[in-house]
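Top line first, the protein sequences correspond to chains Y and S.
Take the first sequence: its letter number 52 is residue 228 in my numbering, and every next letter is one higher.
Take the second sequence: its letter number 26 is residue 30 in my numbering, and every next letter is one higher.
It cannot be assumed that every hint is accurate.
Claimed, not checked - When the alpha-carbon atoms are kept at most 30 Å apart in a straight line, the in silico DSS-like pairs for lysine-lysine are as follows: (1) Y:233 with S:73; (2) S:58 with S:73; (3) S:7 with S:58; (4) Y:185 with S:58.
Think of the hints as simulated: they come from the structure by calculation, not from any bench.
Quick caveat, the model's predicted, so the values are computed rather than measured.
In case you want the letters, here they are:
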Amino acid sequence: DSGVTQTPKHLITATGQRVTLRCSPRSGDLSVYWYQQSLDQGLQFLIQYYNGEERAKGNILERFSAQQFPDLHSELNLSSLELGDSALYFCASSVATGGTSGIQETQYFGPGTRLLVL
Amino acid sequence: LAKTTQPISMDSYEGQEVNITCSHNNIATNDYITWYQQFPSQGPRFIIQGYKTKVTNEVASLFIPADRKSSTLSLPRVSLSDTAVYYCLVGARSNDYKLSFGAGTTVTVRA
């Protein structure tokens with residue numbers, strides 16, 4: 177158990193609909209990341225939030241948006257859903273790890289939300 | 005963000021040692037090297053992280069040569085439960101950090 181929780185575990189919806197995925201990071205982690213993993217594809221980074229502010233953006237569609245709330249939980253909103261949006265959506269949170277030559281954040285992933293768009 | 009190259013797949017047998025090499029020719033001075041493991045339908049799990057030379061933990065070892073242009077993840081005495089996708093990532097400072105997982109290496113362990 178990574179300490180990161182995601183709800184719901186499964187979601188089935190129809191094309192054109194809008195859904196919201198929720199993530200609660202590990203206690204004390206300020207960064208939240210969202211990833212999409214389609215069938216037989218690698219993890220695609222979507223977006224990162226740090227302490228409520230957007231930190232980095234990846235291959236996130238304009239139909240998708242996210243936010244991080246004051247209690248540090250995050251939501252990923254997917255709208256105008258298409259069949260191709262069917263995928264596993266992972267949330268991760270991180271804590272900075274110190275090192276002698278810089279800082280790299282180890283990410284702890286949640287169990288994911290499996291979205292099926294029919 | 006440093007680009008990484010690793011084999012698409014590797015096969016092994018129970019009890020053998022598995023070594024996965026990742027190339028990262030344009031690694032920056034402040035970059036660390038991190039490996040993750042992912043089982044089907046689960047989120048990736050941190051395995052090991054290093055900067056130079058050798059790092060060992062209870063799960064794996066990470067060998068990094070002096071030029072740091074590659075790294076090798078070593079899994080000792082694998083079992084069937086080690087069948088998974090292994091990702092090599094190279095990342096920089098936390099204020100400019102985007103993870104790029106790539107396709108990873110699918111390791112299949114057979115009995």
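Hint check results:
A threshold of 30 Å between alpha carbons decides the hint, and for residue 233 (chain Y) with residue 73 (chain S) the separation of about 27 Å falls inside it, so the pair holds. Between residue 58 (chain S) and residue 73 (chain S), the direct Cα distance comes to roughly 14 Å. Compliance with the 30 Å bound is thereby established for this hinted pair. For the given pair, residue 7 (chain S) sits about 21 Å from residue 58 (chain S) by alpha-carbon distance, which is consistent with the 30 Å threshold. At most 30 Å may separate the alpha-carbon atoms for a hinted pair to count; residue 185 (chain Y) and residue 58 (chain S) exceed this at roughly 38 Å.
Violated hint: 4 only; the structure is consistent with all others.
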